[in-house]
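Got chain P; can you put chains V, F and E with the ligands on it based on the hints?
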Amino acid sequence: MTKTCVTAQVMKHTVLAGDVWELVVAAPEIASITRPGQFVHIRLTDTIDPLLRRPFSIADCDTAKGTLTFIYRVVGRGTALMTKLQPGDTINCMGPLGNGFDVTAKRPLLVGGGMGLAPLLLLARAFCSRPATILMGGRNEQELFWPNLYATVCQNIHITSDDGSIGHHGFTVDLLPELLKQDKFDAIYACGPHVMLKGVAAVAAQYDVPCQVSLEDYMACGVGACLSCTCENTSGKRHKVCTDGPVFWAQEVVW
Amino acid sequence: MTKTCVTAQVMKHTVLAGDVWELVVAAPEIASITRPGQFVHIRLTDTIDPLLRRPFSIADCDTAKGTLTFIYRVVGRGTALMTKLQPGDTINCMGPLGNGFDVTAKRPLLVGGGMGLAPLLLLARAFCSRPATILMGGRNEQELFWPNLYATVCQNIHITSDDGSIGHHGFTVDLLPELLKQDKFDAIYACGPHVMLKGVAAVAAQYDVPCQVSLEDYMACGVGACLSCTCENTSGKRHKVCTDGPVFWAQEVVW
Amino acid sequence: MVNTAEAMLAVNIAGIKMKTPVMTASGTFGFGLEYSDFVDLNKVGAIVVKGTTLAPKAGNNGRRIAETPAGMMNCIGLENPGVDEFISKTMPKLAAYQVPVIVNISGNTVEDYGELAARLDQSGIAGLEVNISCPNVKQGGIAFGTCPESASEVVREVKKKTSLPVIVKLSPNVTDVVLMARAVEDAGADAISLINTLLGMAIDIKNWRPVLGNTVGGLSGPAVKPVAVRMVWQVAQAVKVPIIGMGGIMTAEDALEFILAGASAVAVGTANFVNPYVSVEVAEGIRDYLTKRGLTQIGDLVGKVNCG
Amino acid sequence: MVNTAEAMLAVNIAGIKMKTPVMTASGTFGFGLEYSDFVDLNKVGAIVVKGTTLAPKAGNNGRRIAETPAGMMNCIGLENPGVDEFISKTMPKLAAYQVPVIVNISGNTVEDYGELAARLDQSGIAGLEVNISCPNVKQGGIAFGTCPESASEVVREVKKKTSLPVIVKLSPNVTDVVLMARAVEDAGADAISLINTLLGMAIDIKNWRPVLGNTVGGLSGPAVKPVAVRMVWQVAQAVKVPIIGMGGIMTAEDALEFILAGASAVAVGTANFVNPYVSVEVAEGIRDYLTKRGLTQIGDLVGKVNCG
Ligand SMILES: Cc1cc2nc3c(=O)[nH]c(=O)nc-3n(C[C@H](O)[C@H](O)[C@H](O)COP(=O)(O)OP(=O)(O)OC[C@H]3O[C@@H](n4cnc5c(N)ncnc54)[C@H](O)[C@@H]3O)c2cc1C
Ligand SMILES: Cc1cc2nc3c(=O)[nH]c(=O)nc-3n(C[C@H](O)[C@H](O)[C@H](O)COP(=O)(O)OP(=O)(O)OC[C@H]3O[C@@H](n4cnc5c(N)ncnc54)[C@H](O)[C@@H]3O)c2cc1C
Ligand SMILES: Cc1cc2nc3c(=O)[nH]c(=O)nc-3n(C[C@H](O)[C@H](O)[C@H](O)COP(=O)(O)O)c2cc1C
Ligand SMILES: Cc1cc2nc3c(=O)[nH]c(=O)nc-3n(C[C@H](O)[C@H](O)[C@H](O)COP(=O)(O)O)c2cc1C
Ligand code: FES
Ligand code: FES
Chain P
1 MTKTCVTAQV
11 MKHTVLAGDV
21 WELVVAAPEI
31 ASITRPGQFV
41 HIRLTDTIDP
51 LLRRPFSIAD
61 CDTAKGTLTF
71 IYRVVGRGTA
81 LMTKLQPGDT
91 INCMGPLGNG
101 FDVTAKRPLL
111 VGGGMGLAPL
121 LLLARAFCSR
131 PATILMGGRN
141 EQELFWPNLY
151 ATVCQNIHIT
161 SDDGSIGHHG
171 FTVDLLPELL
181 KQDKFDAIYA
191 CGPHVMLKGV
201 AAVAAQYDVP
211 CQVSLEDYMA
221 CGVGACLSCT
231 CENTSGKRHK
241 VCTDGPVFWA
251 QEVVW
Chain V
1001 MTKTCVTAQV
1011 MKHTVLAGDV
1021 WELVVAAPEI
1031 ASITRPGQFV
1041 HIRLTDTIDP
1051 LLRRPFSIAD
1061 CDTAKGTLTF
1071 IYRVVGRGTA
1081 LMTKLQPGDT
1091 INCMGPLGNG
1101 FDVTAKRPLL
1111 VGGGMGLAPL
1121 LLLARAFCSR
1131 PATILMGGRN
1141 EQELFWPNLY
1151 ATVCQNIHIT
1161 SDDGSIGHHG
1171 FTVDLLPELL
1181 KQDKFDAIYA
1191 CGPHVMLKGV
1201 AAVAAQYDVP
1211 CQVSLEDYMA
1221 CGVGACLSCT
1231 CENTSGKRHK
1241 VCTDGPVFWA
1251 QEVVW
Chain F
2001 MVNTAEAMLA
2011 VNIAGIKMKT
2021 PVMTASGTFG
2031 FGLEYSDFVD
2041 LNKVGAIVVK
2051 GTTLAPKAGN
2061 NGRRIAETPA
2071 GMMNCIGLEN
2081 PGVDEFISKT
2091 MPKLAAYQVP
2101 VIVNISGNTV
2111 EDYGELAARL
2121 DQSGIAGLEV
2131 NISCPNVKQG
2141 GIAFGTCPES
2151 ASEVVREVKK
2161 KTSLPVIVKL
2171 SPNVTDVVLM
2181 ARAVEDAGAD
2191 AISLINTLLG
2201 MAIDIKNWRP
2211 VLGNTVGGLS
2221 GPAVKPVAVR
2231 MVWQVAQAVK
2241 VPIIGMGGIM
2251 TAEDALEFIL
2261 AGASAVAVGT
2271 ANFVNPYVSV
2281 EVAEGIRDYL
2291 TKRGLTQIGD
2301 LVGKVNCG
Chain E
3001 MVNTAEAMLA
3011 VNIAGIKMKT
3021 PVMTASGTFG
3031 FGLEYSDFVD
3041 LNKVGAIVVK
3051 GTTLAPKAGN
3061 NGRRIAETPA
3071 GMMNCIGLEN
3081 PGVDEFISKT
3091 MPKLAAYQVP
3101 VIVNISGNTV
3111 EDYGELAARL
3121 DQSGIAGLEV
3131 NISCPNVKQG
3141 GIAFGTCPES
3151 ASEVVREVKK
3161 KTSLPVIVKL
3171 SPNVTDVVLM
3181 ARAVEDAGAD
3191 AISLINTLLG
3201 MAIDIKNWRP
3211 VLGNTVGGLS
3221 GPAVKPVAVR
3231 MVWQVAQAVK
3241 VPIIGMGGIM
3251 TAEDALEFIL
3261 AGASAVAVGT
3271 ANFVNPYVSV
3281 EVAEGIRDYL
3291 TKRGLTQIGD
3301 LVGKVNCG
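Residue numbers (our numbering), protein chains in the order written: chain P, 1 to 255; chain V, 1001 to 1255; chain F, 2001 to 2308; chain E, 3001 to 3308.
Rather than coming from a laboratory, the hints here were simulated on the basis of the structure. Heads up, some of the hints might be wrong.
[Said to hold, decoys possible] SDA-like cross-link-like pairs, simulated, lysine to any residue; straight-line CA separation at most 25 Å: (1) V:1237 / F:2057; (2) V:1003 / F:2037; (3) V:1084 / P:77; (4) E:3206 / F:2307; (5) E:3057 / P:218; (6) F:2206 / E:3251; (7) F:2093 / F:2109; (8) E:3057 / F:2307; (9) F:2089 / F:2062; (10) V:1181 / V:1130; (11) E:3206 / P:193; (12) P:84 / V:1047; (13) P:3 / P:63; (14) F:2093 / F:2062; (15) F:2089 / V:1233; (16) P:3 / E:3037; (17) E:3206 / P:77; (18) V:1184 / V:1128; (19) E:3240 / F:2215; (20) E:3206 / V:1046; (21) V:1237 / F:2033; (22) E:3240 / E:3186; (23) V:1012 / P:85; (24) F:2089 / F:2124; (25) E:3089 / P:235; (26) E:3304 / F:2062; (27) F:2292 / E:3037; (28) E:3206 / F:2306; (29) P:184 / P:249; (30) E:3089 / P:83; (31) E:3089 / E:3037; (32) F:2161 / F:2123; (33) E:3089 / P:244; (34) E:3206 / F:2253.
It should be emphasised that the depicted structure is a prediction, and the values quoted were computed from it without experimental measurement.
Only chain P is shown next, with the shape it has when bound in the complex (with noise of 0.2 Å):
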C-alpha cells in the first residue's frame, strides 16, 4: 500500500470555533496506512480556480470507518470555498504524504500552537495507552477549543494564551522548561508558529530531551518533485519539508 489519490466523500464539516472548521471525509486508502504527522494534498474542485492543491494535516483518521479528519482554520481563498463543503460534496485526496513522527516514545511531552495543534492530536491517539501530556498554546480563549478534543487522548492538558485569557499568560516556551523539570519526558514533540518551534527547541536541547518539530512550508507538488519547500538542515544537505518532513529532528533545522 502506497500513496494514492482518491476521491472522497465529506461525511461531516462543522465550525470548531470562529474560522476553524473541521472536515472530516471518507478515503479508506488513505485512512488504512496513515501515521501521525501526515498530511493530506487537497484539490477542492476540478476547475482550474484554484489551481493548486492544499496541504492539510491528519488530525484524526479512523481505519475502521475508513475516514479523515482535518481541522483548518480559514486564512485565503481556497479555505474559504472550502468552508463550502457540504456532507456528500465530493474532494480529491493525495495521501498520505510527508514522513510522520516517530512514536517510540515512553513518557512523550506534545507542544501545540494555533493550527499546529491539527497534527498533533492524531499523535496524542497514536500515545493513548501511555501517559501523554500536551502543553497548547493560543491567542485567546476563543482559540482555545483545542482542551475538549485533547480531552480522552491525553492525560495531561496544560494551556496558555497569549492574552492571559484562559491558562497561564504567556507563550508555550515560558512554561516549557517548568514541565520539563518536574516530569521525565523522553521526547517532545512540536508544531506551530517557526517561532514557537526555535524556542522549544532551544529549550528542548538545553534539558536535553530529543525533540522532534513539524514544519510547514510552500507546496506545489507534495511529493518531492517541485523542489518549491526545500531548506537546507544542520549537515548541510538539502532537506524536502513534504517528503523528508514534514517531521524533522530540532537539531537538524537550521533555526
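The following block gives chains V, F and E with the ligands in isolation, referenced to the frame of chain P:
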C-alpha cells in the same frame, strides 16, 4: 427602470429532456421590464473559471412572482457547470439585454428550430390573446418536448423533424410556404440555426411577409461595448447583435 | 490632516485630472455610454475609448472572442467608426459627463498617428493614448510596439501635432519592455500605459481550425496579471513619467499590486465584461485600503513595493 | 491497416523513441521516481529531469511558489544536486525503467553547457534538453534564450560535445520566438521545446513585498496555454526539426491543440502537481481521440491546423 446586474436565487431547475434543462430564477428587477426576445448575461460562479458571462434568452417571465425562466442545452463547460445548480443557489444575472421582438402583429407566425424555441416561448405568451401559430423543428422526437410547453400559448402547432420521427419529415422551411399559403400571417418571427433563419427569411421575402429573426453570436460584454458580436447589415452599417439585436428585420441581415 | 474621501483618490496623470486612479481600458468599455446603465460615469477615473483610426474600420471577420483559462482572447481588429464620427457624434454625448475622455489611437503609418492627433487636438478630450501594441491588425499596430525606433518616431510625430497629454501604450510581446519604455519616454511620452494583450492562439480540435477568425488574438484577463505586474514594476524602475497599469485587474487587491509596483493609475479591461460595476468598486476598495492603513493619498502607495 | 494501440502513440523525436508523445516537463516531475507511486513510469513518453548544473545548486531563498489565476509562479532557481550526483546516484535508479530520460541542462557560460553535455554523453540518458530560458537564475539562463547569437553558440558547443539528440528549450519572453527557433535550428538543434515560463511577479499587499523570494518568477499552467499554442504554431511554420509543445496542458484536448499547431510531442508540467496521473491520462485521451476519428497514428495530426 433599466438594465441591471442582480444576484438571483435559483427557484427551480429541472431536466426537460436529454441535455436540455429549465432553470427558473428570482430576479424581479429584470422580470418587471423584460420584453420577448431579450436575453440575460449570466455569471455562474464568483470564481474566474469560467471567466465570462453566458448569454441566455428569457424563455419565460413571471412579473407577479418576479421570476425568469431559461431553457438551455448543455454544450460546453459553462452549461455543464450550470446543471449543478440547486434551488437556493445563486447566480448573477445581467439584463434584460437586447432589443426584443416587435409585438404589434395581429396574426403572427412563429418559426423556431432547436434552442431557438426558447425565446419564442415568451413571445408566444405575449401574443397569447391573438391566434398565434408556431412552426417548430427539431432533429427528432426526443428533442421535441417543446409542443407541451407551447400547448397553452399557441393556437396552432406545426411540427417538423429531421428524421421524420414526429410531425412532418423535413425542415421547418419546407413546411413554411404551405402555411403561408393557407393563412394570412402578417408577421413571421424566427429563431434557430443560422441556415434555418436564412431559409425562413428567403421564403418570407418571397411571400412578402414581414419577418424578424433573432441572431446569435459570441458575446463578451452583451451591452455593445466590446464589438465582439458585430455584423454588417444590408445598408452597409455595422450592427451589434447584443444591442441592435439580437432581433433584426430579416431584410437588414446580410445572409 | 485627514484627507477627504475624494482627495484621497484623486490623481493627476500628466495633466489629466482624475477623481479616482481607476480608468477603463480601451476596447473594453466602448465609449463609456454603453455602460452608463450600470456605472455612474462621473465616478470613473477616466474613460479610454475604443481604438480609433482615421477611416472607419470594420474589424476582423469570423469569431472574435474566445474564453481561455482565467482569461479571454479577442481579435476585434480595431472596428471603429473613424475619428471624425467620434468627434462629431460621440464626443458631444460624452461631454455631458464630468469624466476625462482619452482616445486610444491607431494608425498604419507614422503620418496616420500624427493626423489623428491633429484632428483630436481640439475635440474636448483630455488626452491621447497612442496604441502601438494592437496585435490584431496586419499593418502598423504591434510592429510599432516592438521596435524602439518606430515607436519613438510615432511618439514624436504625435507630440508635434497635439498639445494634449500623450500616453503611450506598450505591448507585452517584447523581449525587453524597459527598452521600449525608455524609447517612448525619450521621444516625449507624457505617460506610459501597459500592458496591451499578449499574443495567443486557440485551436478547435473538433474541426482543426483556429478558434478565432483572425487565427491569433490578444490574451487578457486575470491570466496575464503576473506578467503585467512584472512589466509595470520593471518599467517603473526605468522611467520618470507616470505609469498606467493594467492587465487582469478584477479587484481592488489586484489594482493595489499594480500601484505598489509603480503605477500611478490603473485601468480595468476584461473585468468590465464580468462585473460592469468593477471600475467604481475597485476605486472604493482602494479607498477602503487607504483608510484602514491610515494613509491619506493614493500617491503614498505608488511604487512602494520593497524588493530589498 | 489498423494500428495497434501502442503503435498509434509511438513517436520518434530526433532519435528518441517514446511510447507516447506525452513527456513530463523539466522541474515538474522531479527525477520521475518521486511520482512512481502514482504513475507507471514505463507509460510516460519520456521523463525530462530537473534543470541540472555542473555544481550542486541550492536555489533561491524565500518563498518559491505562488498560485496565480489559473497558473502558478515559481522561482526555484535550479536547485539540483549537480550533474555528477545525477549520473552516479539517480540515473542508475532510472535505468531500471523502460523510459527515455532526458536531462535538462543549464550553465552560466557556454563552456558550462559543453562540459555538462560531455559528462552526460555516456550516462545512459536518451537526450539533452538545453535550457536557455530559465528566468530564475541571475547569470546565464534566460540571457542565452533572448539573444539568437548566444543561443547558437551554446547549441554549437553542446552539439560538439555529445552524440545524444539535443533539444533546445526556448523562452517565451521574446519579441520574436521564430528568430530564436531558426537560430538554434541552424546551430544544429535536433528538436525544439517550448515554452518555458513567462516572467511574472506578484506583490503581497499586506506587507508591500514581492510574494516570491526572488522578486520575479516563472509563470506556468493553464493561464499561459494560449501564448504557448501560438508560439508552437509560429515556430512550426518556420523550422523543420520536431517541436515539443508545452505550457498549460491539463487534458488530452489541450495536448491536441499543441499537436495540431505543430508539436510532434508534448510535455505536461504544472498539471502534474494538480493531477499526478496526468501524463498517462493525456496519452490515453489522445489515443481515444485518434480511435474515434479513425486515425491510425499521432503523426496524422501534427501541424494539421487549417488556418486558411
Ligand atoms: C504539511 C502542512 C500541513 C498543514 N496542515 C494544516 C492544518 O492541519 N490546518 C490548517 O488550517 N492549515 C494547515 N496547513 C496550512 C494550509 O495548507 C494553508 O493554510 C492553506 O494552504 C491556505 O490555503 P488558502 O487557499 O486558504 O490560502 P491562500 O493564501 O489563498 O493560498 C495561496 C497559496 O499559498 C499556499 N499557502 C498559504 N498559506 C500556507 C501555509 N501556511 N502553508 C503552506 N502553504 C500555504 C496555499 O496552499 C496556496 O498554494 C498546513 C500546511 C502544510 C505545509
Ligand atoms: C442572445 C443569445 C441567446 C441565447 N439563448 C440561449 C438559450 O435560450 N438557450 C440555450 O441553450 N442557448 C442559448 N444561447 C447560446 C448559449 O449562450 C451558449 O450555448 C452558451 O454560452 C454555451 O456556453 P458553454 O460554456 O456551455 O459553452 P463553451 O463552448 O464552453 O463556451 C465557450 C465560450 O463560447 C461562448 N459560446 C458557446 N456557444 C455559443 C453560442 N451558441 N452562442 C454564443 N456564445 C456561445 C460561451 O458563451 C463562452 O464564452 C444564446 C446565445 C445568445 C448569443
Ligand atoms: C475586447 C477587447 C478589445 C480591446 N481593444 C483595444 C483597443 O482597441 N486598443 C487598445 O489599446 N487596447 C485594446 N484592448 C486591450 C485592453 O485595453 C487592455 O490593455 C488589455 O485587455 C489588458 O487588460 P485586462 O486584462 O484588464 O483586459 C482590448 C482588449 C479587449 C479584451
Ligand atoms: C516548479 C517548476 C520548476 C521548473 N523547473 C524547470 C527547469 O529546471 N528547467 C526548465 O527548462 N524548465 C523548468 N520549468 C518549466 C517547465 O518545464 C515548463 O516549461 C513550464 O512550466 C510550462 O509548462 P506547464 O504550463 O505545463 O507547467 C519549471 C516549471 C515549474 C512549474
Ligand atoms: S512540495 Fe514539491 S518538493 Fe516539496
Ligand atoms: S457582446 Fe460586446 S458588443 Fe456585443
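Here's how the hints hold up against the structure:
1. V:1237 / F:2057: Cα-Cα ~11 Å, so holds.
2. V:1003 / F:2037: Holds, at about 6 Å.
3. V:1084 / P:77: holds, 21 Å
4. E:3206 / F:2307: Between residue 3206 of chain E and residue 2307 of chain F the Cα gap is close to 14 Å, so the pair holds against 25 Å.
5. E:3057 / P:218: Judged against 25 Å, a Cα distance of about 20 Å means the pair holds.
6. F:2206 / E:3251: The given pair, whose Cα atoms are some 15 Å apart, holds under the 25 Å limit.
7. F:2093 / F:2109: Violated, at roughly 30 Å.
8. E:3057 / F:2307: holds, 23 Å
9. F:2089 / F:2062: violated, 28 Å
10. V:1181 / V:1130: holds, 19 Å
11. E:3206 / P:193: Holds: residue 3206 of chain E and residue 193 of chain P sit about 19 Å apart, inside 25 Å.
12. P:84 / V:1047: Answer holds: residue 84 of chain P to residue 1047 of chain V is near 13 Å, not above 25 Å.
13. P:3 / P:63: holds, 16 Å
14. F:2093 / F:2062: Distance ~31 Å between residue 2093 of chain F and residue 2062 of chain F Cα, so the pair is violated.
15. F:2089 / V:1233: OK: residue 2089 of chain F and residue 1233 of chain V at ~20 Å, within 25 Å.
16. P:3 / E:3037: holds, 6 Å
17. E:3206 / P:77: holds, 15 Å
18. V:1184 / V:1128: Given that 25 Å is the threshold and the Cα spacing comes to 18 Å, the pair holds.
19. E:3240 / F:2215: holds, 22 Å
20. E:3206 / V:1046: The hint holds at about 23 Å.
21. V:1237 / F:2033: At roughly 20 Å apart (the allowed maximum being 25 Å), residue 2033 of chain F and residue 1237 of chain V satisfy the hint.
22. E:3240 / E:3186: Within the cut-off at roughly 10 Å; holds.
23. V:1012 / P:85: Status holds; Cα separation ~22 Å.
24. F:2089 / F:2124: holds, 13 Å
25. E:3089 / P:235: holds, 19 Å
26. E:3304 / F:2062: With Cα atoms ~20 Å apart, residue 3304 of chain E and residue 2062 of chain F stay inside 25 Å; holds.
27. F:2292 / E:3037: It is violated: about 49 Å lies between the C-alpha atoms, which goes past 25 Å.
28. E:3206 / F:2306: Distance of about 12 Å is within 25 Å: holds.
29. P:184 / P:249: Holds, at about 19 Å.
30. E:3089 / P:83: Not satisfied, since the Cα-Cα distance of roughly 45 Å exceeds 25 Å.
31. E:3089 / E:3037: Since the Cα atoms of residue 3089 of chain E and residue 3037 of chain E sit roughly 20 Å apart, the hinted pair holds (cutoff 25 Å).
32. F:2161 / F:2123: holds, 13 Å
33. E:3089 / P:244: OK: residue 3089 of chain E and residue 244 of chain P at ~18 Å, within 25 Å.
34. E:3206 / F:2253: OK: residue 3206 of chain E and residue 2253 of chain F at ~10 Å, within 25 Å.
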